[in-house]
Amino acid sequence: MQPHEGTNEKQVYRVQGFTCANCAGMFERNVKSLPGVTDAQVNFGAAKITVIGHATMAELEKAGAFENLKLAPDKQKIIEKKEPLWKENRNVLLSVLLMAAGYFLAYGYGEDAVVSALAFGAAILIGGYELFIKGIKNLAKLRFDMSTLMTVAIIGVAAIGEWSEGAVVVVLFAISEALERYSMHNARQSIRSLMDIAPQEALIKRGSVEQTVNVDDIQVGDVMIVKPGQKLAMDGVVLNGISTINQAAITGESVPVAKTRDDEVFAGTLNGEGLLEVEVTKRVEDTTLSKIIHLVEEAQAEQAPSQAFIDRFAKYYTPAIMVLAVGVAVVPPLFGADWGDWIYQGLSLLVVGCPCALVISTPVSIVTAIGNAAKNGVLIKGGIHLEEAGRIKAVAFDKTGTLTKGFPEVTEIVALDGRNEAEMLAIAAGIEKGSQHPLASAIVRKAEQTGASLSLPVDDVQSITGKGIKATIGDRLFYIGSPRLFDELEFEVAESVREQIVTQQMQGKTVMGLGTQKEMLALIAVADSVRDSSKAVIDELRALGVNKTIMLTGDNQAAAEAIGKQLGVTEIKAELLPQDKLESVKKLRESYSSVAMVGDGVNDAPALAASTVGIAMGGAGTDTALETADIALMADDLRKLPYTIRLSQKTLSVIKQNVIFSLGIKLLAFVLIVPGWLTLWLAILADMGATLIVTLNSLRLLKVKRR
1 MQPHEGTNEK
11 QVYRVQGFTC
21 ANCAGMFERN
31 VKSLPGVTDA
41 QVNFGAAKIT
51 VIGHATMAEL
61 EKAGAFENLK
71 LAPDKQKIIE
81 KKEPLWKENR
91 NVLLSVLLMA
101 AGYFLAYGYG
111 EDAVVSALAF
121 GAAILIGGYE
131 LFIKGIKNLA
141 KLRFDMSTLM
151 TVAIIGVAAI
161 GEWSEGAVVV
171 VLFAISEALE
181 RYSMHNARQS
191 IRSLMDIAPQ
201 EALIKRGSVE
211 QTVNVDDIQV
221 GDVMIVKPGQ
231 KLAMDGVVLN
241 GISTINQAAI
251 TGESVPVAKT
261 RDDEVFAGTL
271 NGEGLLEVEV
281 TKRVEDTTLS
291 KIIHLVEEAQ
301 AEQAPSQAFI
311 DRFAKYYTPA
321 IMVLAVGVAV
331 VPPLFGADWG
341 DWIYQGLSLL
351 VVGCPCALVI
361 STPVSIVTAI
371 GNAAKNGVLI
381 KGGIHLEEAG
391 RIKAVAFDKT
401 GTLTKGFPEV
411 TEIVALDGRN
421 EAEMLAIAAG
431 IEKGSQHPLA
441 SAIVRKAEQT
451 GASLSLPVDD
461 VQSITGKGIK
471 ATIGDRLFYI
481 GSPRLFDELE
491 FEVAESVREQ
501 IVTQQMQGKT
511 VMGLGTQKEM
521 LALIAVADSV
531 RDSSKAVIDE
541 LRALGVNKTI
551 MLTGDNQAAA
561 EAIGKQLGVT
571 EIKAELLPQD
581 KLESVKKLRE
591 SYSSVAMVGD
601 GVNDAPALAA
611 STVGIAMGGA
621 GTDTALETAD
631 IALMADDLRK
641 LPYTIRLSQK
651 TLSVIKQNVI
661 FSLGIKLLAF
671 VLIVPGWLTL
681 WLAILADMGA
691 TLIVTLNSLR
701 LLKVKRR
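Be aware that the sequence shown starts at 1, since it is given in the working numbering, and climbs by one per residue.
Misleading hints may appear alongside valid ones.
Unchecked claim - Distance condition first, Cα-Cα at most 20 Å in a straight line; then the derived PhoX-like pairs of lysine-lysine: (1) Lys137 - Lys32; (2) Lys433 - Lys470; (3) Lys393 - Lys573; (4) Lys48 - Lys32; (5) Lys565 - Lys548; (6) Lys62 - Lys48; (7) Lys393 - Lys548; (8) Lys137 - Lys315; (9) Lys518 - Lys470; (10) Lys231 - Lys205; (11) Lys70 - Lys48; (12) Lys10 - Lys291; (13) Lys70 - Lys32; (14) Lys573 - Lys587; (15) Lys703 - Lys656; (16) Lys375 - Lys705; (17) Lys535 - Lys548; (18) Lys381 - Lys650; (19) Lys32 - Lys141; (20) Lys10 - Lys70; (21) Lys10 - Lys48; (22) Lys381 - Lys48; (23) Lys315 - Lys32; (24) Lys405 - Lys573; (25) Lys231 - Lys375.
Unchecked claim - Here are the computed distance ranges between Cβ atoms for each label pair: (26) Trp677 - Leu118: 28 to 36 Å; (27) Leu239 - Asn214: 18 to 26 Å; (28) Leu454 - Leu239: 20 to 28 Å.
Simulated from the structure, these hints should not be mistaken for laboratory data. None of the values given here were measured: they were computed from a predicted structure. Even glycine gets a Cβ: it sits at the ideal position worked out from N, Cα and C.
Make the full structure from the sequences, and use the hints.
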């Protein structure tokens, strides 16, 4: 690979061989110091590095803080050799055998015998040579981290003749590193499994020729043939065929979804029993699956507040342990204590002071939780959002499409003063057919169902924000919108018409008026049914400690009240413009420290941005939702909200448990120094045990499932 041209060129590589967060940090510093590199950022959770500047791949691999580091361009998948566990950790195994041989020889010839000392020494060298290389390099640069502490401790142990304990320390530390490596591999598997679900080739029909094409060579507009039982390689729209698609990998939906002509389908999903022809709509790097993987990996790179605090703490903690260990080794002997005993205690303090468990306590929890969420159809875009979601005490919901199905239907058309109902519907549908608003879609669908004309010559269509729309048909100007719009037009509305409006609104329906500048011509009543899961979600949120639920809607107060009471939300705010929703969320934040806003990610963008955590519904295939929200529920399924909050709460709990346990073990070990009870093997066992327990505790987050 040749050096890249231009000092600001950005290259992203996948990394194989990361063993710990400390190694990742050292690798980042080493790459930054390379000539030609202006900046570098390591994503430990996703095992990636971003390099700004130019350097060959060989130079980058040489800058690795550990052996066996391999790089590959981001788009190129690293094929990891699946070796047996014993073979992958053969140095550790050999070190264990040599240590056992040392104890056997010590039993026969004594621990001070040359043969037993040689066996212990060989165990130390074979099990710890990588550690020593890193530690000595760091010591030369006065950089104090876990490798430095362990290297100084082991050299000190050897210097005072405690070969057997030195071997135990090396072996236990090597086992600890192997376990950490294994646990991070498992934590990353949730994202690696996403990378593997989409095929790398697809059957493409170009003209009359069908051929198998690599996904990198598939173009937008190509026609993809998907046979029954095959996975889709690309995003697209169905041209021909009827089938069911298992979208669990993208949206977390457990039930396959029926697909027919003009329906959207996603890469990585599984086709059912039908043959489909799909028009490709996105390049491979732009598919919904690719975006999810990219955003999750970026999320895993972002430091959560607790992680940032621990990293700052460790920055001062490790040098402090070095100073304290020197004090323990030197100060007591100055007052008459035995030098050998207290040097031993100082070395033990170095070992137990390693912040391995503390440093890994947060990142492994965050990586595991975000990966688990992605597998269940929830995209969490950073550790900070994961933590904030666990603190939520109030949730504001948009009504349409969130608490309701979002597909309102026209229930009644009232043509006033003897006018023709079909004619009124044709005018309304003609004005609304270019709008994406759910109420407009309901009117157009009704016109299509009844056969009303959609070919009227409509001109000068203009939206009236939050109130309605106006347009010209022929030489007449028509308005369609809320009753409030017609109040502003200042013409007389018959009392009987107002009574009809109120009656429909009291039934929970949204009423729109159709009229001109002079009179109202018709009323159109539309109703949006409540999602089957909405009430259960509100109840589950209450059980999770979210005691404030507020519904925000542009609908009239009566319709909002009818739905809000049915769901059991604690507060209802109706007839809101987009800016009113924004102000409502801001006001809610004055009373509650952490507030979530749940909406569709488009009309509710200002309110989503103003909330502590913005949660978008139906993120699959919706670029706006993926970009604007802090959390995206990939399926149009509100039941994923309680799961997300429960996962976040569990993550906060696990992080707290990990930190308290890690510090508690250290404090207990420090107390044992006073009576001289802390031994080297006990110190490393405490450190290794804490790391293992913290890691296993974090991996419990993989078991959090949607109820």
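Right, here's what the structure says about each hint:
no., hint, result
1, Lys137 - Lys32, "holds, 16 Å"
2, Lys433 - Lys470, "holds, 12 Å"
3, Lys393 - Lys573, "holds, 18 Å"
4, Lys48 - Lys32, "holds, 15 Å"
5, Lys565 - Lys548, "holds, 14 Å"
6, Lys62 - Lys48, "holds, 16 Å"
7, Lys393 - Lys548, "holds, 7 Å"
8, Lys137 - Lys315, "holds, 18 Å"
9, Lys518 - Lys470, "holds, 14 Å"
10, Lys231 - Lys205, "holds, 17 Å"
11, Lys70 - Lys48, "holds, 11 Å"
12, Lys10 - Lys291, "holds, 19 Å"
13, Lys70 - Lys32, "holds, 18 Å"
14, Lys573 - Lys587, "holds, 12 Å"
15, Lys703 - Lys656, "holds, 18 Å"
16, Lys375 - Lys705, "holds, 10 Å"
17, Lys535 - Lys548, "holds, 14 Å"
18, Lys381 - Lys650, "holds, 17 Å"
19, Lys32 - Lys141, "holds, 15 Å"
20, Lys10 - Lys70, "holds, 19 Å"
21, Lys10 - Lys48, "holds, 13 Å"
22, Lys381 - Lys48, "holds, 17 Å"
23, Lys315 - Lys32, "holds, 19 Å"
24, Lys405 - Lys573, "holds, 19 Å"
25, Lys231 - Lys375, "holds, 17 Å"
26, Trp677 - Leu118: 28 to 36 Å, "holds, 30 Å"
27, Leu239 - Asn214: 18 to 26 Å, "holds, 22 Å"
28, Leu454 - Leu239: 20 to 28 Å, "holds, 24 Å"
Hint check: no violations occur; every hint is consistent with the structure.
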